[in-house]
Amino acid sequence: MAANHTTHSEEPAKRHKHEGPRKHIVAYIFSMLLTLVAFATVIGGEINASFTYILLLVMAVLQVIIQMGFWMHMKDRGHLFPIVGILTGVFVVFTIVIMAEYWTWW
Amino acid sequence: MAHAHPVKRYTGLMDWLTTVDHKKIGILYLIAGGFFFLIGGLEALLIRVQLWKPLNDFVGADTYNELLTMHGTTMIFLAAMPVIFAMMNAIVPLQIGARDVAFPFLNALGFWTFLFGGLLLNLSWIAQAVPDAGWTSYLPLASPTYSTHKGVDYYVLGLQIAGIGTLIGGINFLVTIINMRAPGMSFMRMPMFTWTVFITSALILFAFPALTVGLVALMFDRLFSANFFEVSGGGNTVLWEHIFWIFGHPEVYILILPAFGIISEVISTFSRKRLFGYSSMVFATVLIGFLGFMVWAHHMFTVGLGPVANALFSIATMLIAVPTGIKIFNWIFTMWGGSIKFTAANLFAVGFVPTFVMGGVTGVMLAAAPADFQYHDSYFVVAHFHYVIVGGLVLGLFAGLHYWWPKMFGRMLNEGLAKLTFWTFFIGFHLTFFVQHFLGLLGMPRRVWTYLDGLGFNTMNLISTIGAFLMGVGTILFIINIIVTAAKPKTAGDDPWEDGRTLEWSIPSPAPEYNFAQTPLVRGYDALWKEKMDGNDAMTPAEPIGPIHMPSPSILPFLMSLGLFIAGYGFMYAENEWTGIMHDLFASHAVAGAGLLITLGCMVVRSLKDDHGFHIEPDEITGKGVKA
Amino acid sequence: MSAHSHLDGQLPHEPERATLEGRNKVLGFWLFLGGETVLFGTLFSAFLALRDQVGDGNPTSQELFKLSLVAIATVLLLTSSLTSVFAIQAMHRNQVKSMQLWLIVTVVLGLGFLGLEIYEFFHYVHEGHKFSTSAFSSSFYTLVGFHGAHVLFGIVWISLLIGQVYRKGLTVVTAPKVYVAGMYWHFIDVVWVFIFTVVYLMGKVG
Chain A
1 MAANHTTHSE EPAKRHKHEG PRKHIVAYIF SMLLTLVAFA TVIGGEINAS
51 FTYILLLVMA VLQVIIQMGF WMHMKDRGHL FPIVGILTGV FVVFTIVIMA
101 EYWTWW
Chain B
1 MAHAHPVKRY TGLMDWLTTV DHKKIGILYL IAGGFFFLIG GLEALLIRVQ
51 LWKPLNDFVG ADTYNELLTM HGTTMIFLAA MPVIFAMMNA IVPLQIGARD
101 VAFPFLNALG FWTFLFGGLL LNLSWIAQAV PDAGWTSYLP LASPTYSTHK
151 GVDYYVLGLQ IAGIGTLIGG INFLVTIINM RAPGMSFMRM PMFTWTVFIT
201 SALILFAFPA LTVGLVALMF DRLFSANFFE VSGGGNTVLW EHIFWIFGHP
251 EVYILILPAF GIISEVISTF SRKRLFGYSS MVFATVLIGF LGFMVWAHHM
301 FTVGLGPVAN ALFSIATMLI AVPTGIKIFN WIFTMWGGSI KFTAANLFAV
351 GFVPTFVMGG VTGVMLAAAP ADFQYHDSYF VVAHFHYVIV GGLVLGLFAG
401 LHYWWPKMFG RMLNEGLAKL TFWTFFIGFH LTFFVQHFLG LLGMPRRVWT
451 YLDGLGFNTM NLISTIGAFL MGVGTILFII NIIVTAAKPK TAGDDPWEDG
501 RTLEWSIPSP APEYNFAQTP LVRGYDALWK EKMDGNDAMT PAEPIGPIHM
551 PSPSILPFLM SLGLFIAGYG FMYAENEWTG IMHDLFASHA VAGAGLLITL
601 GCMVVRSLKD DHGFHIEPDE ITGKGVKA
Chain C
1 MSAHSHLDGQ LPHEPERATL EGRNKVLGFW LFLGGETVLF GTLFSAFLAL
51 RDQVGDGNPT SQELFKLSLV AIATVLLLTS SLTSVFAIQA MHRNQVKSMQ
101 LWLIVTVVLG LGFLGLEIYE FFHYVHEGHK FSTSAFSSSF YTLVGFHGAH
151 VLFGIVWISL LIGQVYRKGL TVVTAPKVYV AGMYWHFIDV VWVFIFTVVY
201 LMGKVG
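Residue numbers (UniProt numbering), protein chains in the order written: chain A, 1 to 106; chain B, 1 to 628; chain C, 1 to 206.
It should be emphasised that the hints constitute simulated quantities derived from the structure, not laboratory data. Ideal Cβ placement from N, Cα and C applies to all residues, glycine included. Do not rely on the hints blindly, as some may be mistaken.
Unchecked claim - The following residues of chain C were derived to be distant from chain A, with all beta-carbon distances above 10 Å:
hint: 1; residue: Y119
hint: 2; residue: W157
hint: 3; residue: Q164
hint: 4; residue: K168
hint: 5; residue: F196
hint: 6; residue: K204
As the list claims (entries may be wrong) - For lysine to aspartate or glutamate, the following DMTMM-like pairs were computed, each having C-alpha atoms within a straight-line distance of at most 20 Å:
hint: 7; chain 1: C; residue 1: K177; chain 2: B; residue 2: D611
hint: 8; chain 1: C; residue 1: K168; chain 2: B; residue 2: D610
hint: 9; chain 1: C; residue 1: K177; chain 2: B; residue 2: D610
hint: 10; chain 1: B; residue 1: K53; chain 2: B; residue 2: D611
hint: 11; chain 1: B; residue 1: K532; chain 2: B; residue 2: D494
Claimed, not checked - Covered stretches of chain A, going by a simulated chain C footprint (3 or more residues, C-beta under 8 Å):
hint: 12; stretch: 30–40
hint: 13; stretch: 43–54
hint: 14; stretch: 57–63
hint: 15; stretch: 68–78
hint: 16; stretch: 95–102
Chain A extracted, bound-state conformation:
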């Protein structure tokens, strides 16, 4: 019924059929490592603050890519509208964060 039904239903069943847990365990280890690096950077406390901030944010963004790309299947086909939806949300959040950082106190 949907005009874009080809994106879902006619996908051959053999694509990611019985996809094993290995890929996800690797992703999990990666996300643990990213967490470890983030915590270690802060607990170590040797690096200057602004560099730490950037590092922490990069770690967080990488984590999100793992979570949303692999675990929420955003990288798979047929996810155009989910991607557009989430990215629009992120864009709006971006403007709100700029507001909070620059335009509330002066």
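Please arrange chains B and C on chain A, whose structure you already have, making use of the hints.
Only chains B and C this time, still in chain A's reference frame:
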């Protein structure tokens, strides 16, 4: 495949309380929105009576503050939005060739939460604790320190509950438009109204959560002594302004875009011409939606954000004039060379164009930050936003209602009365608000309950008040028209305007419960018009006639919303000066808890109980539908 | 069109997308998460704007936060995200028992996280960091509390789904519900990644 499940079909009141049919929900939205429109209009008239002469004492300053707050809040959230949702529900599924919306149950839930939120807000009049901090509810005016009665609590909780409904509606229409289009109905073949609803729904989805957070923070400040906006606790009142307008500016486009869509449909139909520049119209709509998120601080030029911020927001705001201008020219070019019929619907649409241009021009004037320091908080601003919201949105809604009335109710509105409605409302509108530009330039501040003699305000305020009453007369004429029409038999044909271009005109009026007996095959833009031009008298079906699956009616949406309503009251009156059992019930949060329990319990029931729906068999597929 | 066309035969691959209703549900939930992104983004912004407004004599974020506790909570939640992936994989293989088992593990890990958070809040209140102490404390509790409430909602939701699948089995009606609950759980995890980064770690840096 078609195993029949026995489903209880309700009649009468229960039918309306339990309906999940988008066409009936559309009618419910229209009734509720119309009701709040009358309340908001009454408040407006009281405001204008107070201001008709200098130093009038018709209402006191306090009452005036309450009136202006409730007028703004009611008109935006409880009148304009629901009537837009009425049009969306009544028309969008028909325009895309869908049998239903994506989430019929949630659709009903959205309506009932809106209605209960609106009732909660308006019961403040009965409780004699009316919101009085303006529809923007700026801090510290709305803080617990300066607003000690429960008025602002009504505002916060009422809007919070109504906002949930709006958000649900937005998601429903996004998914409906993405997933439920008929075969061949590609995005670039969608009617313009559907496109604008699509973008409006996206704006709702991304703007309303910001309001939710703002209202939660304000509620926490007021009910649980938080410090978000409490300066003594380190809070920041400008933060509220930002959050409010990050929601509030997209809200303006949420309101106006569907009107753009309606105008596009009406002008194109009654010019008997394809909409000029369809793809540029789509592009302009998307661009307006996108830019709408980057201009909020133009409401805050005088806060003192600094030259960089003011310049950025000034430029971004002026940029919006470009896609809007594209639209204006496209409407004019659509009419150019067309065989124009001035039906009442088209009168509203044609009247819209110059009126909205005037609102747009003052918008660009206000966008110039240095000049805004002069206009700010004066009647110039009042004139501007009434030109875009009344002269834009309300004229658009009137056009849409007159245009789609036969499709919604199966009866044509009386054209003579409708034209009279247009002329009284249109002239009344310009009388009311045109002079307010000059009142503002002369320095009359907005939101002040009276003014002194000898400032040169008297005559123009009198004109403005007379105009407001003329608008009231126009509205009454519209209601008379509805009553007169309702007494007549349902005689409207499938395509009562004879020039229908889009799919909703290919099915009976009013649309049957299942909309399309057979899902149509769409072969181009203006699908029905294309078939007409190819000499076909009907759409080509995309499927054979078969049993049609329908969702079952349910009382749960009503109960869930009732639960939220009770919970709202519970939280609000947890601190009260009553005595006895009522005091204990509210103070212990028993009432609030019970309300939440009702809502959550209904959610659990909904999840556990499968909705098998029912089937309409081929032999039942005949004749007309919605009885209203 | 019908929701029941697949009921009689074999459960299809990716049962959550087998019906239009299922596809609607998944897409609608994605869009809802887009809105939730803005909701949490606004909460984060309020926190960012107010995080230095501690007030005289009140504990600052450096004095307050116990990173060890946060680290344990993080491990619990990240692991629960992985177990929910396993549950969805089991669902795709039509192994109902295994799916339920992984969902139970997810819920237990979620409960552990919630327990730690409640303990943490009690500890902070004891330290003089109450909800109404300062703008910092209000925005902190609202942001982290909103996330905690989401975790709680997820726990109740997934628990109910486990029971529902136990009674009705895995069908094209129940499968989308499980899938969507899994998405929700991942999203909660994503929000937590930003909470431990922005609130705790950056708060510790100062």
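Tested hints:
1. Under the 10 Å C-beta cut-off, the non-interface status given to Y119(C) relative to chain A holds; the minimum distance is some 19 Å.
2. For W157(C), the condition that its CB be more than 10 Å from all CB atoms of chain A holds, with the nearest at approximately 17 Å.
3. No Cβ of chain A comes within 10 Å of the Cβ of Q164(C); the nearest lies about 22 Å off, and the non-interface call holds.
4. Separation of K168(C) from chain A is adequate, the least Cβ-Cβ distance of about 23 Å exceeding the 10 Å criterion.
5. Consistency note on F196(C): stated as away from chain A, yet its beta-carbon is not over 10 Å from all of that chain's, at 8 Å minimum.
6. For K204(C), the condition that its CB be more than 10 Å from all CB atoms of chain A is violated, with the nearest at approximately 5 Å.
7. The straight-line distance between the Cα atoms of K177(C) and D611(B) is roughly 13 Å, inside the 20 Å bound, and the hint therefore holds.
8. Using a Cα cut-off of 20 Å, the hinted pair K168(C) and D610(B) holds, with the two alpha carbons roughly 10 Å apart.
9. Restraint check for K177(C) and D610(B): satisfied, since their Cα atoms lie roughly 12 Å apart, inside the 20 Å limit.
10. With a C-alpha separation of about 61 Å, the suggested pairing of K53(B) with D611(B) is violated against the 20 Å cut-off.
11. At roughly 14 Å between alpha-carbon atoms, K532(B) and D494(B) fall within 20 Å of each other, so this suggested pair holds.
12. Coverage of the stretch 30–40 of chain A by chain C holds [criterion: at least 3 residues with CB-CB distance below 8 Å; count 5].
13. Counting residues of the stretch 43–54 of chain A whose CB falls under 8 Å from any CB of chain C gives 5; the rule of at least 3 is met.
14. Residues of the stretch 57–63 of chain A lying with their CB closer than 8 Å to a CB of chain C number 4, which satisfies the three-residue condition for coverage.
15. Under a criterion of three residues with beta carbons nearer than 8 Å to beta carbons of chain C, the stated coverage of the stretch 68–78 of chain A is upheld, 3 such residues being counted.
16. Proximity of the stretch 95–102 of chain A to chain C, defined as three or more residues with a beta carbon under 8 Å from a beta carbon of that chain, is established by the 5 residues found.
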